[in-house]
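Enquirer: Line order of the protein sequences matches chains A and B.
Residue 47 in the working numbering is what sits at position 47 of the first sequence, and the numbering runs on without skipping anything.
Residue 193 in the working numbering is what sits at position 193 of the second sequence, and the numbering runs on without skipping anything.
All copies of an identical chain are treated as equivalent in the list; a pair is satisfied when it fits inside any one copy or across any two copies.
When the alpha-carbon atoms are kept at most 16 Å apart in a straight line, the in silico EDC-like pairs for lysine to aspartate or glutamate are as follows:
#	residue 1	residue 2
1	K15	E318
2	K163	D276
3	K163	D235
4	K163	D89
5	K270	D203
6	K185	D274
7	K15	E313
8	K15	D315
9	K163	D240
10	K185	D89
Think of the hints as simulated: they come from the structure by calculation, not from any bench.
2 protein chains.
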Amino acid sequence: MHVTILGGAGFLGRKLANRIVADGKVAGRAVTGMTLLDLAPATAPPAPFPVTVMQAGLDDYEKLRRAMPDGTGVVFHLAAVVSAQAEADFHLGLRVNVEGTRNVLAAAASLPAPPRLVFTSSVATYSGGQQALISDATRQVPANSYGAQKIIGELLVHDYARKGFVDGISLRLPTIVVRPGRPNKAASSFASSILREPFVGEDALLPVPESFALFIASPRSAVAWLLHAAGLASDAVGLDRSINPPGISVSVAQMLAALAAAGGDRARVKPVDDPDIMKVVGPWPARFDTARARALGFAEQPSLDSIVAAFLEDDLAETKALRVS
Amino acid sequence: MHVTILGGAGFLGRKLANRIVADGKVAGRAVTGMTLLDLAPATAPPAPFPVTVMQAGLDDYEKLRRAMPDGTGVVFHLAAVVSAQAEADFHLGLRVNVEGTRNVLAAAASLPAPPRLVFTSSVATYSGGQQALISDATRQVPANSYGAQKIIGELLVHDYARKGFVDGISLRLPTIVVRPGRPNKAASSFASSILREPFVGEDALLPVPESFALFIASPRSAVAWLLHAAGLASDAVGLDRSINPPGISVSVAQMLAALAAAGGDRARVKPVDDPDIMKVVGPWPARFDTARARALGFAEQPSLDSIVAAFLEDDLAETKALRVS
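Next comes chain A alone, as it looks inside the complex (with noise of 0.2 Å):
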C-alpha cells in the first residue's frame, strides 16, 4: 500500500513519516511506498521502500493527483495555513484551508479505490472560551478563520465520505504543545515557546494569563492518534466523521511549573501584551468530553510532565542545532 502525506515537511508530517518507516505498515498493512508533499521542501527518510519527495501547493491538482498514485491507501491531510495566518491573510486562508482540502479530496476521490483520508481538523473550530465544556455534540461557532475553514474542511471530507468518494476522517486536534522548532504563526504557538525557548536558552513571550486554560496533546500522541484514525473500521466511525481525540486540559500555570520540575527556567517567560493573539485563543475552550474517541480506542494523552519529557528526549537536540544553525 502507497501512503501520502500532505504537509511532509511540517513536524508533524515528519514526525508521522519517521513513525510509518519504523512501523513498516499503517493501519495493519504493510506501507510499499510514500510520498511527502509540502509547501517546503520536504525530506526523504531513509526507508525500506521508495520515499518521494514533492514540493507544491494545494492549489496544483495535477501534483496532488501524482502525489497519490493508484494503490494509494492512505492520505494523510496536514496542510494548512495556521491560525494566526489565516486570521491576518483571509483569503489566503480561503485558498489553502478550503480550496486546497477541496483539491485534496477531488485528487483522493479519483483514485480506483477510495483511500482513507485522515483530516486535521482543530480545536480552533470552537468557541465558548474558558467556560465551555465540549462535548462531541457541541455546535462549533468558530471565532476564527482558521477555525471556519476547518470546519469547512470537516464537512467537505463528512460529504465526500457520506458518498463513498473518499473514506475520510476528521480529527479535531487539541493545540499540539511542544512543537519542536521555532515559533511559527499559529495563534498557539505561546504553548509550544514556553515549554521550548527556556530549555535553548532563549525568553518565550506569553501573551495570556497564567490561570488560561488549553486543551494540549504532545506530538507522540498526535502521531499515534493519526496512525489510529488511518486504522478505524468505517462502520464504526458512521455518519458522522468528526472526532476529538482526548488531549488533556492544562492551566499555563500548570505548564509553567511542569517546565521548572524538569529544569528549565521559568525567568525565561516573560509576560506580553497581544490582543491579536488573545482575539483568536481566548474563545477556544480547554475541557472536552471526548467520550466518543475513547470509545473508538483513541489512546488518552498521559500527564503534562510525560510531555515535556518526551520533548527534551525526542526534539531538544534538533531544536538546539536549529538555533546555533
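Got chain A; can you put chain B on it based on the hints?
Expert: Chain B in isolation, oriented as in the chain A frame:
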C-alpha cells in the same frame, strides 16, 4: 437604497420582490432600485423604482458584481441547487451552493459599504430524524449534500460577517409549503404537492408514511422572515449568524386533514415508494425549539389551516393557469 435578489426568478424571489415593491422599503429604508438575478429569466414587477433583470449563474462574478451596484444595502441570496438535485449531481451542488456562495460574498464584500446579506440555509442541514428536537445549539450533521453545502455557506457568511466584510445573516428555512407551480427537484417537493395538486385536479405522489412529520412554513412567513432578517441589528445577532425561524411541526396526516378541510380531494394523494427521496428527507428533524429567533422578533408561523388558505388565496389561480398553458 438598492436591493438585490439572487434567485429572483424563483417562487420565493418573486414573492419577495413583489412584497418589496408593495412596501417601498426594506429594513426601514426606502428602496430606490432593485436587481433580480437568476439563471432563469426573471420578470420585473411594475415598480415606482427601476428594476433590473439579469440572467446569470453564480459562477459569473462580473455579473454578480454588476447586480450589486454601489449603494446596495441589502442582498437576498436565495439561489441554490436544491436538495434532490444536489444529491444526484454532487459537483453541480458544490459549484453552485459552495463556490457560487463564495462569489456572492466576494461581490458583496467589494461594495464600498458592507451590505446586509440574507442567506437562505435549510432544515436539511440537520439529521437526527423524527425523534430529534433541534435547538439553536444542536450540531448540524448533514445526511445529504445540499445540507452539507448549505452549512458551508453558513460558515462563509459567518466568517465574512465576523471580519466585517459583509453583514450576513443565515436563515435555516423550514420546508416551504405550499410552493406554487409544479413539483420541483427538492426532495421535499411532495410536501407541497399533496396540498397543491388536488386543488388543480391532479394526482400528488406521497413517498413518506402519513405519520411522517415535517417542520414547515408558508411562503408568506418565509418572505416576512427574510425581510425581518434584513432589518435586524447586527449587535443583536452577535457572533452566531445562523437563525432557525419559528416554523411549525406537522405530520402528513395533519396535512391531509387540512387538505380535506379546505375542500381538497384526499384521493388525489397516491402513496408511492421512492427510496431516493426517503433517503434524503428521512433524517430531517421535524421538531425545533426556536427560542433565539423568537427573542429576535421573528413572527411565529400561524396554523396549518392558514397555510392552506394562504395558498388558495395567493397562488391557486396562477398555479391553475400554469397547468392550462
